[in-house]
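J.: Given next are the chains, with one letter for each unit.
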Amino acid sequence: MSQNTELNLTGVKQSQGVWLVKVPKYLSQQWDNAAEKGEVGKITIGKKQGKTEVHFSLDAELSALGAAEEKDGSFHVPRDHPFTVQTVGGQTLAVFSQSSTDEIRLEGMVVYRAECRPVVNDNYMKLKKLQIKESTKPQRISQQLERAVTSVFKPVANHDFNMEYEKKKKTEGKMVRAERQVVLDMLFSAFEKHQYYNIKDLVDITRQPVTYLKEIMREIGTYNSKGTHKSTWELKPEYRHYHSAEEEERESA
Amino acid sequence: MTSLGSSSSSATEYTVRVPKNTSKKYNIMAFNAGDRVNCSTWTQARMERDMSGRRIYGEEETAEGAAGSEFGKKQREEARRKKFGIVTREFKVEDQPWILKVNGKAGKRFKGLKKGGVTENASYYIFTQCPDGAFEAFPVHGWYNFTPQAKHRTLTAEEAEEEWGRRNKVVNHFSIMLQRRLREQEHGEVEEDEAEKSGKKKKRGGRGGDLCIHDLEDDLGMSSDDSDSSMGDDGDNKPKVKKNTGKGAKKKKPKSSDKEALEDSDDGDYEGLEVDYMSDESSSDEEPEKGKPNKGEQLPKGIDEASESEEESEEEKQNDAEEKEEEEEEEGKKTPVQVEKKKKKDSSGESDTSDDSDIEGETASALFMGHVNQKKRTPPKRGGRGSAGSSRTGSRPGTPSIDAASTSNTLRAAASKLEQGKRQIQGPGTDSPAAKRLKMEPSSQSPVPSGKSTPQPPSGKSTPSSSDVQLTEEAVRRYLIRKPMTTKDLLKKFQTKRTGLSSEQTVNVLAQILKRLNPERKNINDKMHFYLTE
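So the protein sequences, as listed, match chains A and B.
4 is the number of the first residue of the first sequence in our numbering; add one for each residue after it.
262 is the number of the first residue of the second sequence in our numbering; add one for each residue after it.
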């Protein structure tokens, strides 16, 4: 259930600023394939004519890795990605993390927002073309079958099903009336589990003929024709002693 | 860290790492710019998932096992749902909103709703700089928009709609929430309020909002706006006074709105109605003024007294009719309602004579048309009424203190006066009402002299011969012979309206008669019964 966890505010207290960077999907996919060490590339922050420029370049291996999986193989994942950096501008963005132990930490405040943009060149265009091809494929396709389906005719009753049923009937045989006491024991144990039973279910449980069972039930139980438990049988009050669920919980706790 | 050597640019290079051990899931907590949230000011904060959606998604868990459960219930329910094609969406804890409480109980509360579609087409990463200068990038798992939650009370949608309808009239907006609070309190604590009300009554003085004896609020000259603004002024002083004035004003408001409802009548509403005749006579100006003080005295008297002073009420009606014709204000509108009420009461009392019914019909229609013709200014009865007014000077009561004359006497007298007035200034076109009038005249002539006479001695056989029951010894004897009766029963037999006597007189006369008769007494059901044996 929900825990009212104390927010660990250490990150904020240290006033550590973080960057929120929007990265294209293909690049993030490559990053997921990164090596164990986790190095994915290099970022260069430079000042060019007074303006801050941030540039990210993907590791060569990762770039090639991406290409190898593709069918064409004639391109590789773009390497150069300039970042467009903007300030957060009024809106307060904070970062909080949820650990596996359900501890919530406030990691820090976002100071810059950046977008990782690819350089638009032929390589990139090829990549995009591929992506589009993938996405335009319909999810459901119609296939042509070689042979017509002959297994399904239109039977009145299912032959297999019928045979199964008859076999079952033969093996089980007619339901024999057991001793009254035995049946009563079965019924009582059943009613210990649930309060309301359908007559069909009782027949299933006890394997007794319906008339015999109804006779016994009339003796020890009542029939609900209305109400929430519509056509069900339940034990007469003198035969039952149900605790309410709460009491049971309290008892067990 | 390598640095490029160009003079105009200096760059520093950092490695970017994407850590693989993703035990922590990073999320964004976004606040609105206008809320001016400063996380560094937070001393402590608590955050939890808002699980209130679970009730909607999850079904009511019926008792499992033993009491109250059914065998195979779950399967049956599932089968049923599948049959009907009901698809229930799962309750995902991950997607539930967050509730953030900052700085404890007294601090702010925020609700964080998950923003959808963030991770679909592009991924967000959080770049943090490590002490060694490298960047670490963590993927963002979810984005939550946090909005502050209002701690003050707000109006519900229905209430907001109501207030919107009154936006042009309400000046004091502080009173809106106040009244709402009062309404809620009323439901809970009625006694407390009343105690306060009685205590603070003096302060409120002439408000008259709570104990409204009569509906002359408009005479007090207070519209809802005035009451609101004045209440606002008062309200600034003390909360208690404010509360009561709020109550008063609140009670006033529905009343005033009721009145406003009465006022509405478009021009075309009464066009199709029949009128007796049109006359171009203008009404006299003195009537309304006289009518007004009369009305003012009349209203607090109450309806019970009207039955005793019917003559006066008849004339009041005439006054009122004129008033209506004159004034287009709310008072005029009110009186027809009130007078109609009285009229109905009177008419229910007298059911004997056709004369009465005739009069009823006429005066009722007169009232109605008087009301109607307010705008047209050509009331048919006006001619009659106006002249009746002029001719009525002698009999017009200056004060409501007409001595209790016999009721049917007075009614007939009033009717006769009406007739006289009409006869004097007979307008053109005599249709059925005129015929009615003529019929009434001869019958009304005889009671005319009696009407002007002083109240007759109760024991004599008085001229109102139309009444069936006379309070005589003979009648009492007859009753008591037939069966034993209590005094109450006897009184019931001799109703004031039928005998033409007041209740006091009836009692006196009956007492005298009983003394003379000296009937025997018997106690039946603990009540003293009288009876006579022949």
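Just so you know, these hints were derived from the structure itself, not from any lab.
Any given hint could be a false lead.
[Claimed, not checked] With a straight-line Cα cutoff of 27 Å, these simulated DSSO-like cross-link-like pairs (lysine-lysine) come out:
#	chain 1	residue 1	chain 2	residue 2
1	B	K281	A	K28
2	A	K171	A	K136
3	B	K334	B	K285
4	A	K28	A	K136
5	A	K203	B	K334
6	B	K335	A	K203
J.: Name the hints, by number, that the structure is in violation of.
T.: 2 and 3
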